[in-house]
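Asks: So the protein lines, in turn, are chains C and L.
Position 94 (the first sequence) corresponds to 94 in my numbering; numbering is contiguous.
Position 39 (the second sequence) corresponds to 39 in my numbering; numbering is contiguous.
Hints are computed from structural coordinates only; laboratory data are not their basis.
Errors might be hidden in some of the hints.
Identical chains blur together in the list; that is why a pair holds if it fits in one copy or across any two.
To be verified - Here are the simulated lysine-lysine pairs, DSS-like style, with alpha carbons at most 30 Å apart: (1) Lys2 / Lys86; (2) Lys114 / Lys4; (3) Lys82 / Lys4; (4) Lys69 / Lys86; (5) Lys144 / Lys86; (6) Lys82 / Lys94; (7) Lys94 / Lys122; (8) Lys94 / Lys72.
2 protein chains.
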Amino acid sequence: MKNKSIEMQASIRLVNDRLNFIGTVDENDPISIDYIAPLGDNLGYTSLELLLLSLGSCIGTAVLTFLRKMNKSITKCEIHTKGIRKEEHPTGFKNIFVEIELVSDNVTKDDMDKVIYLTEDKYCPVYSMIKGNTNIEISYILNK
Amino acid sequence: MKNKSIEMQASIRLVNDRLNFIGTVDENDPISIDYIAPLGDNLGYTSLELLLLSLGSCIGTAVLTFLRKMNKSITKCEIHTKGIRKEEHPTGFKNIFVEIELVSDNVTKDDMDKVIYLTEDKYCPVYSMIKGNTNIEISYILNK
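Given the sequences, and given the hints that come with them, work out the whole structure.
Replies: This is the structure:
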């Protein structure tokens with residue numbers, strides 16, 4: 001297996017006569033990807049939803065890693081990501097809202113502000129690849 | 001269901017005491033997301049692999065849609081995407097190589113050059129959201 005800290009790969013193949021692709025990496029369960037009707041048939045995740053999952057999980061990875069380095073314990077973590085598309089082509093997201101829902105008995109709001117700052121500033125690869133092209137707002141809900 | 005041409009959403013939740021998330025959108029099969037060892041446990045797609053799948057499928061969707069508008073028939077389409085990471089934080093991709101493998105009895109090289117131009121210029125939302133932050137090279141293999 002290749003060293004993923006240097007290089008990553010992914011492949012998709014078209015599986016119908018419209019826009020349904022199946023994507024895979026290594027031994028992971030294949031992902032069905034499709035576009036919304038009428039161009040596609042809603043048979044899977046859209047490309048833009050995969051981007052939201054990519055960004056949300058990358059932010060989550062950075063935030064949890066920093067909190068654990070600070071010896072914080074995490075009871076629950078959910079991340080909800082919403083993207084608002086542009087009206088004109090290219091119809092990517094003009095705004096993405098990322099909400100981190102966290103339950104912990106020792107994480108404070110100051111901790112959250114600090115780790116989110118570090119994540120945005122330097123430690124989230126996916127964030128850094130979208131930054132400047134899309135407004136990204138990260139918020140959190142702590143112990144609710 | 002929300003109108004996905006306006007807004008899209010995705011959620012993930014942490015499912016172990018490390019970095020394994022499960023992501024879902026609507027009724028699609030859940031996606032296991034994890035980071036590579038030693039931080040994570042390789043229990044799923046990495047965030048950056050999801051980004052490659054997002055970009056590859058978005059480019060594929062645009063390319064196939066344009067070719068079909070030109071009344072071209074597609075026998076096979078696979079898209080292989082490779083990302084080379086930066087050595088320093090944020091360790092996103094400095095280069096992404098996208099190779100479109102297409103089989104068709106009536107698509108020419110000129111057709112491919114034209115639809116790839118349109119895709120890069122304006123019609124691939126994910127491409128437009130990464131453009132400028134990462135070098136993206138799209139190539140193709142026709143009827144091989």
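Asks: As a check of your reading, is lysine 94 near lysine 122 (CA-CA no more than 30 Å) within one copy, between copies, both or neither?
Replies: This pair counts as both: shortest intra-copy Cα distance 21 Å, inter-copy 15 Å.
Asks: Check lysine 94 against lysine 72 for me: Cα-Cα at most 30 Å, and say if that holds within a copy, between copies, both or neither.
Replies: neither (34 Å within a copy, 33 Å between copies)
Asks: Within a copy, between copies, both or neither: where do lysine 114 and lysine 4 come within 30 Å Cα-Cα?
Replies: within (28 Å within a copy, 33 Å between copies)
Asks: Within a copy, between copies, both or neither: which one fits lysine 82 and lysine 94 at a CA-CA cutoff of 30 Å?
Replies: both (11 Å within a copy, 26 Å between copies)
Asks: Which holds for lysine 69 with lysine 86 at a C-alpha limit of 30 Å: within a copy, between copies, both or neither?
Replies: Only across copies: lysine 69 and lysine 86 sit 23 Å apart there, 38 Å inside one copy, limit 30 Å.
Asks: Treating 30 Å as the Cα threshold, decide for lysine 82 and lysine 4: within, between, both or neither.
Replies: The answer is both: 28 Å in one copy and 11 Å across copies each meet 30 Å.
Asks: What label fits lysine 2 with lysine 86 when the C-alpha limit is 30 Å: within, between, both, or neither?
Replies: This pair counts as between: shortest inter-copy Cα distance 16 Å, intra-copy 37 Å.
Asks: Please work out whether the CA atoms of lysine 144 and lysine 86 approach to 30 Å or closer within one copy, between two copies, in both situations, or in neither?
Replies: Classified as neither: same-chain Cα gap 32 Å, cross-chain 37 Å, threshold 30 Å.
When each numbered hint is compared with the structure, violations occur for hints 5 and 8.
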